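Colleague: Whenever a hint applies, use it, and build me the whole structure from the sequences.
Protein chains: 2
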Amino acid sequence: MDHKVLDGLLKPKSIAVIGASTKEGKIGYTVVKNLVESQYEGEVYPINPKADEILGFKAYPSVLDVPGDIDAAVVVIPAKYVPQATEECGKKGVKGLIVIASGFSEVGRKDLEEQVVAIAHQYGMRVLGPNIVGILSNSDKCNASFAPILPLPGKAALVSQSGALLIAMDTSTYTRRVGFDKLVSIGNMSDVNFGDMVEWLNANENTACISLYVEGLKDGRHFMEAARSASKPIIALKSGVSAHGAAAAASHTGSLAGSGKIYESAFEQAGVVQASDLNNLFDRTQVLSLQPPMKGDNMLIITNGGGVGVLATDAAERYGVPLRFAPEDVQAELKKHMPEFGSAKNPVDLTGMAGREWYQESTRYAFAHPWVDGLVILYCETAMTDPMNIAQGIYEAVQESGITDKPITVSFVGGEKSEAAIQWLVENGIPAYDAPDIAVNALSALHEYAESREQATTPFERFDDVDEAAARAVIAKVRAHHDRNMTEVESKQIFAAYGLPVANTKLATSEEEAVALAEEMGYPIVMKIMSPDILHKSDAGGVKVNIKDEAGLRAAYRTILENAKAYKVDADIHGVAIQEMAPWGTEVILGSVNDPTFGPTVMFGLGGIFVEILKDVTFRVAPVSANQSMKMLADIKGAPILAGARGEAPRDREALAEVLSRYSQMITELGDEIAESDANPVLVYEEGQGVTVVDARIILKKKEA
Amino acid sequence: MDHKVLDGLLKPKSIAVIGASTKEGKIGYTVVKNLVESQYEGEVYPINPKADEILGFKAYPSVLDVPGDIDAAVVVIPAKYVPQATEECGKKGVKGLIVIASGFSEVGRKDLEEQVVAIAHQYGMRVLGPNIVGILSNSDKCNASFAPILPLPGKAALVSQSGALLIAMDTSTYTRRVGFDKLVSIGNMSDVNFGDMVEWLNANENTACISLYVEGLKDGRHFMEAARSASKPIIALKSGVSAHGAAAAASHTGSLAGSGKIYESAFEQAGVVQASDLNNLFDRTQVLSLQPPMKGDNMLIITNGGGVGVLATDAAERYGVPLRFAPEDVQAELKKHMPEFGSAKNPVDLTGMAGREWYQESTRYAFAHPWVDGLVILYCETAMTDPMNIAQGIYEAVQESGITDKPITVSFVGGEKSEAAIQWLVENGIPAYDAPDIAVNALSALHEYAESREQATTPFERFDDVDEAAARAVIAKVRAHHDRNMTEVESKQIFAAYGLPVANTKLATSEEEAVALAEEMGYPIVMKIMSPDILHKSDAGGVKVNIKDEAGLRAAYRTILENAKAYKVDADIHGVAIQEMAPWGTEVILGSVNDPTFGPTVMFGLGGIFVEILKDVTFRVAPVSANQSMKMLADIKGAPILAGARGEAPRDREALAEVLSRYSQMITELGDEIAESDANPVLVYEEGQGVTVVDARIILKKKEA
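Chains as they are written, first to last, in the working numbering: chain R, 97 to 801; chain C, 97 to 801.
Don't read these hints as lab results, they were simulated from the structure. Note that this is a predicted model, so its numbers are computed, not measured. For each residue, glycine too, the CB sits at the ideal point set by N, CA and C. You can take every hint at face value.
No farther apart than 25 Å at their CA atoms in a straight line, the calculated lysine to any residue pairs in the SDA-like style are these: (1) C/119 / R/481; (2) C/357 / R/741; (3) R/251 / C/530; (4) R/357 / C/414; (5) R/513 / C/237; (6) C/602 / C/575; (7) C/357 / R/736; (8) R/711 / C/703; (9) R/513 / R/249; (10) R/513 / C/248.
Reference listing, derived: stretches of chain R covered by chain C, where coverage requires no fewer than 3 residues with Cβ under 8 Å from a Cβ of chain C: (11) 474 to 484; (12) 512 to 519; (13) 532 to 543.
Modeller: Quick look at the structure:
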């Protein structure tokens, strides 16, 4: 991506406001006023053919009349005039457009939006929006938006797909005390999308944490790549995860809100931390912009109240970082800073008598101890102790410890004095909250960040022993003959080309050929009708299992063909597949879809009731490396089955993980051809005994004639 | 319960402070000072043998020297002196003791605590505590505690098992703007427990909502009864639900924190709404003290921003009240109060242009519409509209509608202006929050309240056709012979006495008797070793199934006895059970435990992997009425199996629910004898075909010799 062009758009040294107005209350007036009030130091050129000057700036009829260079043009004219304005901006050499104007794809005028982008790209310009609030930046003293004020200064940057929410969050930064350097309204994302913003903000020196409000990505893969490559923490609040919510999001932004489950996986795969709701977005943005990742599982909690300690302990389990007792030496040292009836376990209960000294001593000691990977300090306001004093003790302990690669979060429950202490801590770089579970949730965000970063930065190691050409040859043959449904034999040829262990299956086009194939494979065998017109083979009476000899085979061959003709008289019948009978194993299912946002996406689950009744499946955007595949196997509720539950030997998870990875490579590399596929059942044997794909199915994409 | 005595304790007209101190900083000084500062209007008697007066009150050496009557005595002397002080209070005719003093069961001195209560009860006194902060009441202008200040006035009452948390929540009521009339610290609950407090607060005119922080109940059944009988909403935050958290709670209060799952069921059965964390306790307390229950499932959301609308929609699904689209007439009317590009579906999006008028009109219309069961109004602060103005519009609309039996909640996202509007709304009786999902969660609390109230007030209808005497006769026989493990035949006799459909099973004590019984029952039959010393019959080679004729039976009889002797040479063998072979059905499991907090508790789950791998079980405190049993069947993840999944006919859930209810009655009525029991497997047949208990097991309680 060309950062220089986006620099012009997002960090402009000069701004034209196309549609600047002399009338208070108009957005075209507000934008100019906001530039003034934010003390913007660049050039401002109001564009308005009917005005001479606006708020002290000389006005011009067109950007073409402006004497100096223009980095960014804020566009606040009616939609229908935007293409022409874009043309003029292009001629003028403007770098980017901030299109506040609405009336585009959100009201069905996608064509107009595309026209604007096409013109912009001709001239090498980028387009932010349309249908946005604008951009706000503290470090650039630039409020090029109709949001009322620059946000509370801080180190985070927010990119929001909802304009109303951005404005509300803007003012809300002051009451919530979470600081942002930048707010960017991204709107319809006709051109500049979330991936672009992540790349640009990752390179931006004033951004420590990238915070996203996402209704639906338009650039799933690009976003994931950008996020994976980023060195700064990214946090996303994805809305529209409920069925009804997705419908509401679609009507509101014209963007396709994908399945919540796939988004969740994609974010995790890309190292993006997720927020559960709006307050959680603020809380986690704060912690991610102030503290380092938590690289380990040992969370230690220090408290002056047993009650909040227990609440925090519950929260730790809820948020995936269950507490463990601290080792003996830690307990022994901490025992020195509490009365007899305190507890040095975890939570460490200093008791209500704890003042600044006990807090400071125990924080300093615990923070520096190598066993501790992250520290949560809880304080309940008491009449005997002063919150600010405690806060200063905590801060000094952290300073004195000299530790900077380990996180700490704090909770003060109390009144105005506690509020003031919270604010002071935040201003001094220590995330502090008003409830114990929030402090724990914040630390767990840093834990999730460390964990998903590790996953995200593990590259996919491609299997080189695959024969893509062979696979494409099978596909070409299928496309030549019929349309999209590949038979089991054809599907298995593709699977086999990617090194997937399919049960030996061959097509017999005559009874004699069937006999010969069975002889070669050895009885018992399975027989199945092969026809692109018969997808549900069993329903058509087209499957016979456990055929033990030639006589049985000949009888079955005839019955299968008769049944198939009775089922669908004009079916295109390729013949009958002869397949070796696989021994019993644990049934699992692999599947793939072509997600509209993320493209090839792989699904894994156990067979039978697990998939049918419990919908116990897990998704990943493909491809998935072997260690990610192992994680998929552990993700499902039925995971103990594979680990060897109920006295049975563990299943061959390593082999299964390789199968998953190879399958994910197959659907990725053939992503231009494969619409969906599945392998069902796949039988998994005991450790070392491998896996067999018993049945496979591929449906090709629709193609233009 | 004697309310008059508790009135004296909790609403005292005169208070003695035993251990009142002249030294600032001492708790005995703080309590007297707090009574002064809260402008307490009753008599105050400091008790201190070494002082003449404290803070203007004449001091006395002992309560026995006080001239007037004493309602409550606040006790702040060292633990070891408390028994004597209690004795003196009794003689003086004090009604109740508020024992702030610590050093009792929380440090292993349960004996001292029991001594105090025993003395108190001799004199008809009640004891609050020990190990507490005290009591605070706005309506009584009484701060008889060492918490710094009376809470923000309001209609809720908080009872907290954690003192530190109570103090912190006290000051926090001001910053969180949630009002309380009373705060009661309940501490070690040596006498006055949560059930007592619920009963008393339910009768108290100044309490609209009862809010509880619970680490562990000591009076499970009493609490449930009190909650069921209450006419006011009750909300509980139960801490110590994680394994590690329960351990922390136990070390801190000396109270047994039961399994989170059973607490959850017990609360729901008793109509108690639950809070997920500390902020949620505040948020839900606010809504429950201000708004009526939501009697129906139709939640309508009105918003000026699509983004918060989608977040609220997601939240509605998350909190169990998924949105539906409003009917046509509602949509048509609402369309009048929004621009063309607004949406009248649900959420109703008035767009960012919405000012007071649109909010007011649409709120008034929607609130009055019979389809709407509850309303959530969302507002994102914009530069063009004034939050207070919008708030007033919403308030007026609610007033004008005249509706008082339907709830409304509000969310304003924004800065200081929004904060002021939120505060104004709350002061005017409309719960308002700073994030959309919180407003939705609050409404869902009112929905949960309505739902669980209905369940809680449905009485258990006892089955009268049971033969308790017969069951007790079997138990007596078992107790006479051996100790606690009942054999299957004995257990099934108990089950049968309670009308449970056990598979026909009879004990054969000789081979000939076995032949005769099998003849009578008809082949095929099942045979099982019967011995109180062999619990795992299969492991001992003590089970033979599908015996088809006499020869098979005779052979099996001998083999079973041989195996049993080989398994345990000195086993007390009753004989061999002959059982009809039940046809195949869906396997389910019933179980019971004697929960230390709630007593007889019933468990239900599906058999096989559902219970073994997925731990897919649900609990209820026994007994459970048939409609609650039906709810249990629906509660498990495997519920679709019973409903008839995978092309199978629905199972006989009605018969199964009756079995569950009868079983729950059995374990309740025989609760003095039965420690635990199970029925595993129970086979469930198609609708109308009933249920068969194939195996049953009862373990009796340990009894003193």
